[in-house]
Amino acid sequence: MEWLADPVLAGFIAASVRLSIPILLAALGGMFAEKSGVLNIGLEGMMLIGCFTGFITVHFSGNLWLGAGVAVLIGAIAGLGLAFYAVTLRSNQVVVGIAFNLLMLGVSAYFFRLAFGSGTASPRITPFAPIDFGPLGQIPILGPLLFQHDPLTYLSLALVLGGWLVMQRSTIGLSIKAVGEHPEAAETLGLDPIAIRYAAVAVSGALAGLGGAFLSISATGVFLDNMTAGRGYIALAILILGRRHPFGVLVAALLFGAAEALQLRAQLLPSGVPLQFLIMLPYVLTIVVLAVSATRSGAPAALGQPYEKGGG
Amino acid sequence: MSESASAAAIGFARRWLLPRSVLSGMLCVLAAFAIGALLIAAIGRDPVLAYLSLFEASLGSTNGLAETAIRTVPLAFCGIGIALAFRAGVFNVGAEGQLFIGGVAAAWMGLQLGGQPQWLVLPAMALAAAVAGAGWSAIAGVLKLKFRADELITTIMLNYIAIYFVGYLLHGPLQDPGSPLARTARLAAEARLPMLLEGTRLHAGLLLVVVVAIVAQVFLWRSVAGFRLRAVGHNARAAENTGMNVKAALWTGFLICGALSGLAGFSEVAGVQRRMIENLSPGFGYTAIIVALLGQTNPLGVLAAAVLFAALQIGSTTMESAAGVPSALTTVIQALVVLLLIGQNALPRLFRRRAVTGS
Amino acid sequence: MRNIRVAFGPVVANDDVSFAVEPGEIHALLGENGAGKTTLMRALAGLIQPQAGSIEIGGQPVTIDGPLEARRLGIGMVHQHFMLVPTLTVAENIALGLKEVRTWFPRLDQLADEIDALGARYGLAVDARALAGELSVASQQRVEIVKALYRGAKILVLDEPTAVLTPQEAAALFPVLRALAAAGTAIVFISHKLNEVMAVTDRITVLRRGKVAGSLRTAETEPREIARMMVGGEVTLPQLEGMPVAGRPLLEVDRLGLTDARGVRRLEGVSLSVGAGEIVAVAGVDGNGQQELAEAIVGLQRPDTGRVLIDGVEMTHRPVAERIAAGLAHIPEDRHRTAIFEKLSVTDNAVAEEAGRPRFARWGLRRQGETRAFAAQLVADYDVRLGSVEQAIGSLSGGNQQKVVLGRALSRDPRLVVAVQPTRGLDIGATAFLQSQLLKRRAAGAAVLLISTELDEVLALADRIVVLFKGQVTGVVARADFSVEKLGLLMAGRTA
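Chains as they are written, first to last, in our numbering: chain A, 1 to 312; chain B, 1 to 359; chain C, 1 to 496.
Okay, chain A solo, but in the shape it has when bound (with noise of 0.2 Å):
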């Protein structure tokens, strides 16, 4: 049972989790978004302006938990926008979340090269610290999985209970699941289809906007150009492998950020499979799971469908 206590085993185990949390709180917003009918491909420039406000809050203010709070807030900020595109303009809403992408791109990189210069030294600021849990961090597999993390890191496995809690125990998730699968139905109960979408989308924006500070604040401690890095696109994967629930989603989260640390890890090892290879690995599953999930089986009715007060 050597292996168990193995600490390039631990490594592993710990980064998986690391590396999980920003697509996981991610696609836990895309989840809000799409069971409300809205298909959130902003995701990314959520994650994106959630990682540059983060980083630059704390910078400037010191307080790692500042950070987070503002990037939350712009992130819901920037759902606000994007839903006015696809709720109340009725746009289509894949256009429209590749056009937000770009924004966000442009805009925190603006800021960023206007707060900082284009100096080659990129600033640093202190990450979040892991918590320090004693000998519970020593347990084998246990340990690295769950007593070696940050306070953020927590948070995001309590966000995904309490997204359980909403969309599985509460009549607020009952109304989010009405609205995404007949909007016409839920108005005529007194609900507002349109109000109840704008809030999903907020809060996808939040949740986005609180795993790309993730990145900077919590995991790294700088900020670069386009550091997402695609992770907007894959939160969306995550979400049709996890079936749009809060449990499936964190294991599907898990899985990728396993195979994202396999691969960093893999680097050390001697191996015949070329490096390039082993980086396709995540983006190669993610396109097997669609295509064996059979994307839209389980979506909601109403998903990326526009709606009209007073019916259509």
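Heads up, some of the hints might be wrong.
[Claimed, not checked] Partner residues are not named here, just some residues of chain B that face chain C (Cβ under 7 Å, in silico):
no.	residue
1	171
2	172
3	223
4	227
5	234
6	238
7	241
8	243
Just so you know, the hints here were simulated from the structure itself, not pulled from any lab data.
For clarity, every value in this text was computed on a predicted model and none was experimentally measured.
No residue lacks a Cβ here, since even glycine has one placed at the ideal position from N, Cα and C.
Starting from the known structure of chain A, arrange chains B and C on it as the hints suggest.
Frame of chain A; chains B and C shown alone:
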């Protein structure tokens, strides 16, 4: 007869001279620049100076114009491909990956055909690029049509896979034997696109893309296949009901987009880099999505939009050094143009009277 | 409701309409499609705001600015298309938007018990724990009524409640309504079917073109008088005449079986044939496989067993284009989804089926002049009202869109016409025009398969009627043996 003639004249004017879509596009561009100016002013810089330096660099000299034209080529190739795919209802956002695959195929073909005459080498390279790009896009096509996997996600994933795959080839089988860098050997003179303008890097890819834009425009609006493509994009079920081959139209969308994006890779390899390199594209394939939207998914419109975006990108670094405005501002402007355009297109829908429902 | 006016842009749906219903009364709101019945009731339910007029409830003037206010005032509406979320249970559906249900850990079990008890009181058997989407149509309707009652409805509006029921199921609904009325509920019964209105209501208000054409006590009137009020004169719908002269079979459907994408068996062993010069109707309650049958014949769905032959040629797995070439024309049920390209021009829509024919294309390029000339001719022949053939078809009225679809289908001189609910949503003039076109095709020797849930239409036009129930043929009735009762039994699954 005269009635139909005047109708034709009005139709011609509306379609070619100043259609509403062109007007609204220009309006959005102006508004985006205005917002950009506010952003510049807000940080205490001079918007006039910034924009002047931007366009001075991209349009104010022969060399600047040439550089803008060079940048236009890949954006227009990919943008036209994406536009045609969108018209068919295919959200193919995989142009970036298709460009890389096309580029490496072109380079490989060029190296294989070493000392052959140019009239043979260049077409062979272009064909290889188009076929390879279309083949890469076809993966997403199979995934959509056979496995019902949404092409939006699969093409994004395929982009990453393509770039890493090309990276593997350039670090391995196709690496220049004489160099530690991840790139192929230099292409022979016969495998390079002819230069158009003495003293600049402007290459014949520009002519190719203009021809492609015109052909695509005729295809889309005058051909039966183009009509069917649009019909499928509007309402696939009705298209099937009226006897159209929906799968064929979707395949056309996937394959044209892949082939044209592959040609973008070809023109970058044979016209600009003269070899395949790891960073062949700074996101042409992604920017081209926005270009396609700004061009209202009309091939000629896309070409015009590509010129604008190329000019913005070429001038952005000069703007940063001359006016102290971060070059990322041009990215912001690009996104704003499209967001404004989408918003403008949606406005009539917002105020449109509701249809009567029920009895 | 007094002097109500509702307009959508230039279209006036309700013009100076006054309407009253009393507790314990069943009041019919009668009128043709498009007469403004549903619009008036949607205003009462708070789903739309009238531009003029006033509403009083229990003598108090009220403003109903939304569904919540309507509910508070005791107004409940059962919509024609049920407003149930299929993926939620019945109890969850009823809990939606209810303030009385607590937000966290709602006690849905308790609610389900209450719902079952409430249903039992009025003879409305429902299973509150079942998924709404898995219930039969009739029980979904019961759920809708219970939903309204649970929410405290004193005024219950039923929009075309019998449209989705067999005659027998409809007959079973009426005692429930009587019981509700006896308990003091005011019931508004929207319908366009005279006989059931005569059977169940106390009073009748007739709407015609958005205005009140008359209001009468049911006991003091008779069907002819009401029919005249509805259509504003003596309009008679065309009727099939002459003996069938069925020639060789142009459509043969042989033991067709079809399973849909969700794995539900939609058709099982369906066989029928339609000869030249014959109209065969497929009758049945909505959702018993009619659409699947039509789509399998047309080529939009692939059957997994059985065969489809058009003019003797096996077409079961051939593409739609080949069937069109063999003389098939399809007038689909859902025009917007299946027949037209809303954003394309009338011209493009008119030639959609034939754009590739040499007449309309050369060297793969479209011949614009020929195409436009054809569209202009079609517009003239079928009396389509429009500004220009270049305008988007989506900007035309529904009746005119249907005329383009009809013209496209019939101008090819098809040998086989498959028409699915072709008159749904059309006014009486357009209905008469369409039906006469089908009769004309029959006279010209074409085979017509008419799939319709309107018994009156089927009885008037068909040489033979095939009845579908749960995807199976429960009987075939020849014209000489037509009777509503017989068809009703077959529609309910009782084989003759």
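Against the structure, the hints come out as follows:
The restraint placing residue 171 of chain B at the interface with chain C is violated, with a minimum CB-CB distance near 45 Å, outside the 7 Å limit. Because the smallest distance between the Cβ of residue 172 of chain B and any Cβ of chain C comes to about 44 Å, over 7 Å, the interface hint for this residue is violated. Taking 7 Å as the C-beta cut-off, the interface hint given for residue 223 of chain B holds, the closest approach to chain C being about 5 Å. Nearest Cβ of chain C to the Cβ of residue 227 of chain B: about 6 Å, under the 7 Å cut. The hint holds.
Given the 7 Å rule on beta carbons, the hint for residue 234 of chain B holds: about 5 Å separates it from the nearest Cβ of chain C. With its C-beta approaching chain C no nearer than about 6 Å, residue 238 of chain B sits inside the 7 Å limit, and its interface hint holds. At about 5 Å, the closest approach between the beta carbon of residue 241 of chain B and any beta carbon in chain C falls short of 7 Å, and the interface hint on this residue holds. With a least beta-carbon distance of about 4 Å to chain C, the hint placing residue 243 of chain B at the interface is held under the 7 Å criterion.
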